[in-house]
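So the protein lines, in turn, are chains A and B.
If you're matching positions, the first sequence starts at 1 in full-length UniProt numbering and goes up one per residue.
If you're matching positions, the second sequence starts at 1 in full-length UniProt numbering and goes up one per residue.
Don't read these hints as lab results, they were simulated from the structure.
Each hint should be verified, as a subset may be incorrect.
Said to hold, decoys possible - Covered stretches of chain A, going by a simulated chain B footprint (3 or more residues, C-beta under 8 Å):
#, stretch
1, 35-48
2, 238-247
What the hints assert, rightly or not - Going by beta-carbon spacing under 8 Å, a handful of chain A positions derived as facing chain B:
#, residue
3, 104
4, 169
5, 170
6, 171
7, 231
8, 234
9, 235
10, 254
Remember, predicted model here, so these are calculated numbers, not experimental data.
All C-beta atoms, glycine included, are put in the ideal place defined by N, C-alpha and C.
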Amino acid sequence: MFAYTMRRLLMLIPVLVGMTLITFSIVHLIPGNPAQVILGETATESAIQDLEESMGLNEPYPIQYGVYVTDLLQGDLGTSLRSKAEISTEILPRLAATFELTFFAMLFAVFIGVNAGIISAWKQNSWFDFLAMFFALVGVSMPIFWLALMEQWAFAQELGWLPAYGRENSRDPIEPITYFYVLDSFFHMDFSRMIQVLKHLILPSIALGTIPMAIIARMTRSSMLEVMNSDYIRTVRAKGSGQFLVIYKHALKNAIIPVLTVIGLQTGVLLGGAILTETIFSWPGIGRYVYEAINYRDYPVIQSGILVIAFLFVMINLIVDLLYSYIDPRIKY
Amino acid sequence: MPKETLLELENLHTHFLTDNGEIPAVNGVSLSLHKGEIVGIVGESGCGKSVTSLSVMQLVPNPPGKIVSGNIHFKDENIVKASQKRMKQIRGNEIGMIFQEPMTSLNPLFTIGNQIIEAIRFHRKISKKEAKQESIDLLKLVGIPRADEVIDEYPHQLSGGMRQRVMIAMSVSCDPDILIADEPTTALDVTIQAQILDIMRDLNQERETAILLITHDLGVVAELCERVIVMYAGQVVEEGNVREILKDPQHPYTKGLIRSLPKLHGDEQTLYSIPGTVPNPGLKKTGCQFAPRCEFAFDRCFNEEPELYNLGDKRTSRCFLYDKKEGDAAEHAESTLGS
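The following block holds chain A by itself, in its conformation from the complex:
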C-alpha cells in the first residue's frame, strides 16, 4: 500500500510538468504577438514593447518557462489584466464556492445514485427498477440549463421556497474565514445563516448533481447485477447471511470500484465545467471566473484557471486510484 502510494505520487510529476507546459504554451500559441493580442488592435508600439518587457516575453522560451514554473511553485499565479489583482487571491474564494457546490452536488448524486442502483439491481425488473432507470435515462438526457431554469421557476418563483440565485443574501454578506460559507457560518456559530446558505445550495446542487446521479445509478446497477451472480455471493448466502449484509457488505464492496471511477470523473467535470450552472444561479465559482476572463481576453486568468482546474482533476484521480488499492488488495500497479 505504501509502495503503491509512493509510486502513484511519483507518477504525478510528469503529469504536472505536462500540464504546466500546456498552460504555458497557451499564451504563446495565440496567433501573432501575445502582447498585441492582449492590448488589442489599437495599441501603440511602445505600449506593446512595455508589456512584452513586463511579461518577460523577450526572453527565450526555456527561461520564460522556468520563471513561470518558479512563480507557480511559490503560489504566484500571475496578475489579472482586467482587475490588476493577484490571481491567486482572486481565485481562492471562487474555488471555495465551486468546491462547496460540487461537494453538495456529488453528495446528492452519490447518495441517491448508488442507492437507487443497488435497489434496482436487488429488485431487478420490479416497478422500482423500471421507474429508477426511467428517471436515470431522463436525467442523463436532460439539458442542465433547462432543468436549472425549471427549478428556479418552480421552487423560487412559483412556490417561493428557495432562493433563485447567489450563495447568500446579498444584503447581509457573511464575513469569510475559509470561504466555504457552510463552514464559515458554523465557525461564526450563526445557525440561521447556515440554514440560509444551505438553502442557497439546494437548487444548484440538484441541477448540477442530476447527470452524475443518473450515470452513477446506471453504473451501480449494472455493476451490482454482475457481482450478484458471482460465486462468492452464493457462498455468503450459503453461510446464512441476511440479504442486506450480502448486498451492502459483500456485493457493494466489489461493485463499487467501477462506480468510483465514474464518481471521480464526474467530480472532476463538475469542478471544472460548471460554467452553465454557475452562470444561471449567479454562483461566483471558478467556472464563471474563467468564462468572464475569456470574454475579456484576460489571458493570465484563463491560463491559471485552466491550470487550477487541471490540477484538481489530477488530484481527484489520484484520490480515486488510492481508494482502489484501499478497497481491493489485489490492485498493485
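Go by the hints and put chain B onto chain A.
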C-alpha cells in the same frame, strides 16, 4: 441398524423458467441422507445434481429457477416452504455447503479471517476475538500451515487447494449436521484432491457430519462414499451401495459410465463412451430419458416412463429390464453385458 434420517427429498421438481419455456432441471428426485453417512450423487454435467443440492439450501437463483413441487424434509421439518428467516438459520449452521470453484467462491476483498469469523458470528453470539481463535483452530483442522498468518491474508494470496480448505473450514465452522459438497475436488489437481477427500472423511468420522457429495468422478465416490445415487436428465436412475454398483451396475447408464472408465490393467485400444449426448432438458420426451442412447432399449422404453424398480438390498434402478414383466429382456441384457 437404521440410523436417523437427516435429509429426505421427496419427488423434488426444480424448474427453470426461460424464454424457451419451462425446463425441468430436477425432475422428481427422491433421496435420503442419514446421520453420519456419506452419500454420493454422480452424473454428467447438466444432469441436475448441482441444482438438487442448491434446492436443498434454497439457493437456486430465482428467477429463473424455482422449486415447483416436492418436499424437502430436514430432520422433522419440511423446509421446502420454510421462511427466509428459517433458511438463514439452517444455511451455514445446520447445513454447510462447499462449491466447485475455490478460486471464485471466496470474496476477494475480505480477508480469510473476516469471512470465517462472519460465518461463525451469523449463528453464534460470541466475541470477535473468540471467533478469531476458533477460526484459526478450524484452519489448522483442515490442514492449513501457518494458520495464524493465513487468517489475515486475502484469498488471492492462497492456492486453489488452500482456498478449498478455507471453504471447508468455513462451511463446518458451526458444526453442521450436513455438509453438501458440490464437486469439491473438480477444479483441483489429483494430489490435492486426495488431501481434500481425506479432510472430508476425517470430518465425517470425528464430527459425525453427514456428507452429500456431488461429483461426476466415480473415483471420488469409490474413495469416500458408502451409498451412491446416479442421476440422469434430472432423475435418479440408480441407487445402491457403492461397491455393489461399481462391481455390478444395473442400469444401462451406470453400466456405460463404469465401462467408460479407463482400466489399469486393460488391453482396450479405444476407451468406451456412451453414444450420444445428454438430452437437452428443454425437450419434452415420452418414455425413458436414456432410451435414445441405450443399447438395450426396446419399444416400451420409448413409450412409457420407467419407475424406480426395487432390486432388493436397498438397490433401485429406473429401467424396464428390472420390471418383473420384462424377464426375458433382463436376461438378454445380462448375457450381453457378460461379453
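Here is what the structure says about each hint:
{"no.": "1", "hint": "35-48", "verdict": "violated (count 0)"}
{"no.": "2", "hint": "238-247", "verdict": "holds (count 6)"}
{"no.": "3", "hint": "104", "verdict": "30 Å, violated"}
{"no.": "4", "hint": "169", "verdict": "48 Å, violated"}
{"no.": "5", "hint": "170", "verdict": "49 Å, violated"}
{"no.": "6", "hint": "171", "verdict": "53 Å, violated"}
{"no.": "7", "hint": "231", "verdict": "4 Å, holds"}
{"no.": "8", "hint": "234", "verdict": "6 Å, holds"}
{"no.": "9", "hint": "235", "verdict": "5 Å, holds"}
{"no.": "10", "hint": "254", "verdict": "6 Å, holds"}
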